[in-house]
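Place chain B on chain A using the hints.
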Amino acid sequence: MPRSYLRFWGVRGSYPAPYGSHMRTGGNTSCVEVRSGDHVLICDAGSGIIALGDELIREDRVRELAVLVTHYHWDHISGLPFFQPAFAPEWAIRIFGPGKNAREVEEAISRQMRAPYFPVQTETWLAAVSYLCPTDGCIEHGPIRACPFNTHHPGTTFGYRLEVAGKTLVYVSDNELLFLDQSIDRRLVEHDLEAGEHELLLRMKEEERSKSIEPFRGADILIHDAQYTPADYARKRGWGHSCYVDTVNCAVDAGVKELYLYHLDPSYADQTIDHLQQDAWRILRERGATLRCHVAREGLVIDLET
Amino acid sequence: MIAEGEARSRHEPAVSSGLPTVVVVDSSAAALSHYQASTRGLAVDLRGFRSADAAIAYLHGHDPALVFLEIAIPEKDGLVLLRELRSLPNHQRTPVVVVTSKDYAQDRTIARELGINDFLLKPLRSREIRAIVTRYTGAGPSIAADERP
Chain A
440 MPRSYLRFWG
450 VRGSYPAPYG
460 SHMRTGGNTS
470 CVEVRSGDHV
480 LICDAGSGII
490 ALGDELIRED
500 RVRELAVLVT
510 HYHWDHISGL
520 PFFQPAFAPE
530 WAIRIFGPGK
540 NAREVEEAIS
550 RQMRAPYFPV
560 QTETWLAAVS
570 YLCPTDGCIE
580 HGPIRACPFN
590 THHPGTTFGY
600 RLEVAGKTLV
610 YVSDNELLFL
620 DQSIDRRLVE
630 HDLEAGEHEL
640 LLRMKEEERS
650 KSIEPFRGAD
660 ILIHDAQYTP
670 ADYARKRGWG
680 HSCYVDTVNC
690 AVDAGVKELY
700 LYHLDPSYAD
710 QTIDHLQQDA
720 WRILRERGAT
730 LRCHVAREGL
740 VIDLET
Chain B
83 MIAEGEARSR
93 HEPAVSSGLP
103 TVVVVDSSAA
113 ALSHYQASTR
123 GLAVDLRGFR
133 SADAAIAYLH
143 GHDPALVFLE
153 IAIPEKDGLV
163 LLRELRSLPN
173 HQRTPVVVVT
183 SKDYAQDRTI
193 ARELGINDFL
203 LKPLRSREIR
213 AIVTRYTGAG
223 PSIAADERP
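Each protein sequence line maps, in turn, to chains A and B. Residue numbers for the first sequence follow the working numbering, so the first one is 440 and each next one is one higher. Residue numbers for the second sequence follow the working numbering, so the first one is 83 and each next one is one higher.
Since the hints were derived computationally from the structure, they do not count as laboratory data. The C-beta atom is built at its ideal place from N, Cα and C for all residues, glycine as well. There are no misleading hints in this set.
Some, not all, of what chain A presents toward chain B, calculated at C-beta under 10 Å:
| id | residue |
| --- | --- |
| 1 | 588 |
| 2 | 589 |
| 3 | 593 |
| 4 | 618 |
| 5 | 623 |
| 6 | 629 |
| 7 | 639 |
| 8 | 653 |
From the derived model, a few chain A residues whose C-beta atoms are all more than 10 Å from chain B:
| id | residue |
| --- | --- |
| 9 | 440 |
| 10 | 457 |
| 11 | 526 |
| 12 | 528 |
| 13 | 541 |
| 14 | 566 |
| 15 | 584 |
| 16 | 656 |
| 17 | 657 |
| 18 | 743 |
Each computed EDC-like pair below joins lysine to aspartate or glutamate, with the alpha-carbon atoms no more than 16 Å apart:
| id | chain 1 | residue 1 | chain 2 | residue 2 |
| --- | --- | --- | --- | --- |
| 19 | A | 696 | A | 602 |
| 20 | A | 539 | B | 157 |
| 21 | A | 696 | A | 742 |
| 22 | A | 539 | B | 135 |
| 23 | B | 158 | B | 135 |
| 24 | A | 606 | A | 744 |
| 25 | A | 606 | A | 742 |
| 26 | A | 696 | A | 744 |
| 27 | A | 650 | B | 157 |
| 28 | A | 650 | A | 620 |
| 29 | A | 539 | B | 166 |
| 30 | A | 606 | A | 659 |
Chain A extracted, bound-state conformation (with noise of 0.2 Å):
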């Protein structure tokens, strides 16, 4: 293994997919380790992070781990109930997420392990977890640096943008590109618009353009939402994420070197998945763009020292 790395976990949204037919993408929800040496960040809980709790707790070398968590919902969450180095001493574990203050944080973590949820709570993790809300200001862990933004997505939901190996990386597990944009060119067609307001409306749309795609401009490796096809997006607008195409055009636009498409349907199997790769080389010809694009899959490990 390299010294710096990033291993995808868990690369599906929504829910756990243990199916056959889903093995070559993976099956299980939002975690990526992003490694420097001794030092392991990593990004969302959800089913993924036990596999990796147990290869940390296997590996028997690191004991202090920093968790960013995108937001709350259950497929980032889902994996901490079973974390092994949450259950084992000498361990500790800072836990980062949206939220007033660290209580907050707290609350919304532990809040699953209840009763009649979860036969154990958070008190009886006997590492010495502590909650941070990284608000106002980004997070160190060791060499690795991650600064929170806002995205696109219900309820308050971060996307993080990390500095490790010299390298920018960028994570958006869930965000919905473009939901603005659209409903402009709704209003951009009704016939008594005022005077200057076709204008404003284009100006409006340009920024918003430019805004959603700011937070990863430039970046080396953007691992982003690429939850729908276009026919299902067309059916599930509003629900938070992306369609894969508006993900790899964005994130041309964003001049982003590499791109891994990630938080995918739970529904879609291996077939469907190739097809979605497929499409988006396609896209990145007709562009006749250098971007390198991917999709994510479990078990697949991203060298940082290349």
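Just chain B, lined up with the frame of chain A:
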């Protein structure tokens, strides 16, 4: 581009205007311009803020007749701002109309729990903005300074 707190619908300085104040919190400069253009001619003092922190700093010491709030703000979420606003003694009942690009039930629920007056989807038309402003401020057409008796 409109500087924070400087979007006004009249030429006079707001401190001496005595007009009802309308605060707009939206990180989009184009959106602030839209509010400004839409309320031109109404006797209100329009103040635009592109960040939640700047808006809350202003609201600590002012009591506007109405707040238009976009909850999708990149740095500090508008729902966080709304919670902070409601914790201020002078803003527990300040009328807040959410005008946002986020059309999610969860956001509507949180915003309603925080006592908003309405939750509307962007972009509004100019006539809709004027109707809301008039409803909450009672503002009629403004009279230019040189036309006053």
